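Student: Sequence:
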Amino acid sequence: MVQIDRTNTAIVGLDLYTVAERHQSALIEAIVQEQIKSWVANPFFLSASVHLSLDGVRVFTYSQWNLKFDHRSLSRPVVLSEFFPPDSLLLEVVVSRPSTTEVEIAVGDRITHLAEFRMIPANQPEMVKRATAEIDRAMESPGLISATFHRSLDGTRMFNYGQWENKEAFEAILKQPGFNPDKPYWEGLARNEFHLYNVVHVKVKAA
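Taking numbering that gives the first Met the number 0, the leading residue of the sequence shown gets 0, the next gets one more, and so forth.
It should be emphasised that the hints constitute simulated quantities derived from the structure, not laboratory data.
Certain hints may be false.
To be verified - In the DSS-like style, the derived pairs of lysine-lysine whose C-alpha atoms are separated by at most 27 angstroms in a straight line are:
| id | residue 1 | residue 2 |
| --- | --- | --- |
| 1 | Lys-166 | Lys-202 |
| 2 | Lys-36 | Lys-204 |
| 3 | Lys-67 | Lys-204 |
| 4 | Lys-36 | Lys-202 |
| 5 | Lys-128 | Lys-174 |
| 6 | Lys-182 | Lys-166 |
| 7 | Lys-67 | Lys-128 |
| 8 | Lys-36 | Lys-67 |
| 9 | Lys-128 | Lys-182 |
| 10 | Lys-67 | Lys-202 |
To be verified - The calculated label-pair distances, taken between Cβ atoms and stated as ranges, are:
| id | residue 1 | residue 2 | range |
| --- | --- | --- | --- |
| 11 | Arg-117 | Met-138 | 18 to 28 angstroms |
| 12 | Lys-36 | Lys-174 | 35 to 45 angstroms |
| 13 | Met-138 | Ala-40 | 33 to 43 angstroms |
| 14 | Asp-69 | Asn-197 | 23 to 33 angstroms |
| 15 | Lys-166 | Lys-67 | 36 to 46 angstroms |
| 16 | Ser-37 | Ser-140 | 35 to 45 angstroms |
| 17 | Ala-206 | Glu-139 | 32 to 42 angstroms |
Treat the numbers as computed from the prediction; the structure is a model and nothing was measured.
Just so it is clear, CB atoms sit at the ideal spot from N, CA and C, and this is done for glycine as well.
Using the sequences provided together with the hints, build the complete structure.
Tutor: Structural data, given as structure tokens:
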């Protein structure tokens, strides 16, 4: 399994793919067999995990690298040219809960909620403040295992990597004040889009 580095001694690479449902499994195979295989050979690589969306049309990789390395500088395997190129970003963790245990990414039935917040760079500091203020209240929701907010280094986005026991637990929080999409805590600062995923592959560089 992968442990999320919440101290920012590593940098996070997030690659977001959109794919036709009939090609989702082929994309995942290409990422695992070609992309991650080439990453492992890189001395800056630390870990990677692959997530497939429950709606069948999205895939993302969450990778961790030695600080100050930009994984986007690496060449993409030829097989990936058959798919739409990913939206690729560099992130750092700004707040994470629970603080008493490690946040682990593992293959299984756990539901991953990836929420993307888009904003102008001037709004990112306030988004960090609001996310930090709301995360403890969110953790009171039954079924929420962990929540980790990241900011993009270009200032235009934030991402919440949330882990849930099941889909029903996630859907319940959307009915709570502040988390309800009709009047959310990020209102006036950012536009939000979220999707649900399962982890299908993890890789950690051998010691």
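Student: State for each hint whether it applies.
Tutor: Hint-by-hint comparison with the structure:
1. Lys-166 <-> Lys-202: 25 angstroms, holds
2. Lys-36 <-> Lys-204: 11 angstroms, holds
3. Lys-67 <-> Lys-204: The hint holds at about 18 angstroms.
4. Lys-36 <-> Lys-202: 9 angstroms, holds
5. Lys-128 <-> Lys-174: 22 angstroms, holds
6. Lys-182 <-> Lys-166: 22 angstroms, holds
7. Lys-67 <-> Lys-128: The hint holds at about 25 angstroms.
8. Lys-36 <-> Lys-67: Answer holds: Lys-36 to Lys-67 is near 21 angstroms, not above 27 angstroms.
9. Lys-128 <-> Lys-182: At roughly 18 angstroms apart (the allowed maximum being 27 angstroms), Lys-182 and Lys-128 satisfy the hint.
10. Lys-67 <-> Lys-202: At roughly 21 angstroms apart (the allowed maximum being 27 angstroms), Lys-202 and Lys-67 satisfy the hint.
11. Arg-117 <-> Met-138: 18 to 28 angstroms: Holds, at about 24 angstroms.
12. Lys-36 <-> Lys-174: 35 to 45 angstroms: 43 angstroms, holds
13. Met-138 <-> Ala-40: 33 to 43 angstroms: Since Met-138 and Ala-40 have Cβ atoms about 38 angstroms apart, the given range 33 to 43 angstroms holds.
14. Asp-69 <-> Asn-197: 23 to 33 angstroms: 28 angstroms, holds
15. Lys-166 <-> Lys-67: 36 to 46 angstroms: 38 angstroms, holds
16. Ser-37 <-> Ser-140: 35 to 45 angstroms: 39 angstroms Cβ-Cβ, so the 35 to 45 angstroms window holds.
17. Ala-206 <-> Glu-139: 32 to 42 angstroms: 37 angstroms, holds
Of the numbered hints stated above, none is contradicted by the structure.
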